[in-house]
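Colleague: Work out the full structure, taking the sequences as your base and the hints as a guide.
Number of protein chains: 2
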Amino acid sequence: METRLPNVVVLRWGHRHSRDLRLTSHVCLVGRAFGVSSIILADTIDKRVKETVGAVSERWGGRMTMEMGTPWKEAIKEWKRKGGTVCHLTMYGENIESSDVLERVRKTGKDVMVVIGAAKVPGEIFNLADFNIAIGNQPHSECAALAIFLDRFFNGKELCLEFKDARVKIIPQKHGKNIVTK
Amino acid sequence: METRLPNVVVLRWGHRHSRDLRLTSHVCLVGRAFGVSSIILADTIDKRVKETVGAVSERWGGRMTMEMGTPWKEAIKEWKRKGGTVCHLTMYGENIESSDVLERVRKTGKDVMVVIGAAKVPGEIFNLADFNIAIGNQPHSECAALAIFLDRFFNGKELCLEFKDARVKIIPQKHGKNIVTK
Chain G
0 METRLPNVVV LRWGHRHSRD LRLTSHVCLV GRAFGVSSII LADTIDKRVK
50 ETVGAVSERW GGRMTMEMGT PWKEAIKEWK RKGGTVCHLT MYGENIESSD
100 VLERVRKTGK DVMVVIGAAK VPGEIFNLAD FNIAIGNQPH SECAALAIFL
150 DRFFNGKELC LEFKDARVKI IPQKHGKNIV TK
Chain V
0 METRLPNVVV LRWGHRHSRD LRLTSHVCLV GRAFGVSSII LADTIDKRVK
50 ETVGAVSERW GGRMTMEMGT PWKEAIKEWK RKGGTVCHLT MYGENIESSD
100 VLERVRKTGK DVMVVIGAAK VPGEIFNLAD FNIAIGNQPH SECAALAIFL
150 DRFFNGKELC LEFKDARVKI IPQKHGKNIV TK
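These protein sequence lines are chains G and V, in that order. Read in numbering that gives the first Met the number 0, the first sequence has 132 at position 133, and its numbers run on one by one without any break. Read in numbering that gives the first Met the number 0, the second sequence has 86 at position 87, and its numbers run on one by one without any break.
Check the hints yourself; a few may be wrong.
Same chains, same label: a pair holds when it works inside one copy or across any pair of copies.
[Said to hold, decoys possible] Mimicking BS3-like on lysine-lysine, the simulated pairs with C-alpha atoms at most 25 Å apart in a straight line are: (1) 106 <-> 156; (2) 119 <-> 176; (3) 106 <-> 173; (4) 181 <-> 106; (5) 109 <-> 173; (6) 181 <-> 76; (7) 46 <-> 106; (8) 176 <-> 49; (9) 79 <-> 176; (10) 119 <-> 49; (11) 181 <-> 156; (12) 181 <-> 109; (13) 163 <-> 181; (14) 119 <-> 181.
Rather than coming from a laboratory, the hints here were simulated on the basis of the structure.
Modeller: Below is the structure:
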């Protein structure tokens, strides 16, 4: 049986072709593996990202959709219009560990859009976001930040997700590999 | 006052120049930000990674050292000889959420080397590792895997680290940016 998680979408801001290809792909793979329902690659179209993620989903399953090219401001405003809340991950925000920000996000009871930037994001994002959340107030990685945010928001349940439409499945081992075809 | 965390080093296996530059840099930045004491870039030397991490450490502080070029097997064996334990992060391993593997790592009371691969790792690593740990049994990202492992191993304390030698410091904000020079 599939675990049910709250509905989360990710908006990737500022993806730069070539330069960000692998990082954005990793971000998308984290989204897929952790049960995010949709990734929006804002303002740009990069088929190679879609191919990478598509190939993994084809084999490992999952229903995450990918949307590309939507202008970021439109995507955020549309999300809020539909009643969702927006969490922007930034090292300048409220610390997820030392503040009650995650609790306040939960209390909204709303579906969540997580915004992560590649390059420096426009100041306007800080204002449009309902929550600016720091996964620590140090520079590191948006891929790491997204992973920790989701791990905490989903209470670790995302690490046990099983995808009905997967062709293969790993049987966890202390040593070695065990992968079965379904 | 600086928070004291257990001693963790990271061994990055299989770094490929150019292709992995940004991912490896992100991995190193996660290590620095989260209080890892040392990163070993095994079997290869990539000055650009060192420069990126060095520039961040120069401004944001931290004492993480970087070692490059050490043959991976030697580094792992030397770590074990000195009494450390080795945790290899792999999607084939014991699930960190659904098993007691993290508890067993803690119980060793030993310093921890975290091994993460870029490309497919040699089977021998699975045997040399004391623990093969899956941050979920799905393919995603070694950067995400490292971040979640450290967040759980350090019980979230790594997100509040302050570095004595930092030149700048962020004051967390609900909206906007506040960065002070120390």
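Colleague: Each hint: holds or not?
Modeller: Right, here's what the structure says about each hint:
| no. | hint | result |
| --- | --- | --- |
| 1 | 106 <-> 156 | both (19 Å within a copy, 24 Å between copies) |
| 2 | 119 <-> 176 | between (40 Å within a copy, 12 Å between copies) |
| 3 | 106 <-> 173 | between (39 Å within a copy, 17 Å between copies) |
| 4 | 181 <-> 106 | neither (39 Å within a copy, 36 Å between copies) |
| 5 | 109 <-> 173 | between (39 Å within a copy, 19 Å between copies) |
| 6 | 181 <-> 76 | neither (41 Å within a copy, 38 Å between copies) |
| 7 | 46 <-> 106 | neither (37 Å within a copy, 46 Å between copies) |
| 8 | 176 <-> 49 | neither (28 Å within a copy, 33 Å between copies) |
| 9 | 79 <-> 176 | between (44 Å within a copy, 23 Å between copies) |
| 10 | 119 <-> 49 | both (23 Å within a copy, 22 Å between copies) |
| 11 | 181 <-> 156 | within (22 Å within a copy, 40 Å between copies) |
| 12 | 181 <-> 109 | neither (35 Å within a copy, 39 Å between copies) |
| 13 | 163 <-> 181 | within (10 Å within a copy, 53 Å between copies) |
| 14 | 119 <-> 181 | between (43 Å within a copy, 23 Å between copies) |
In the structure shown, a violation is registered for the earlier hints numbered 4, 6, 7, 8, 12, in ascending order.
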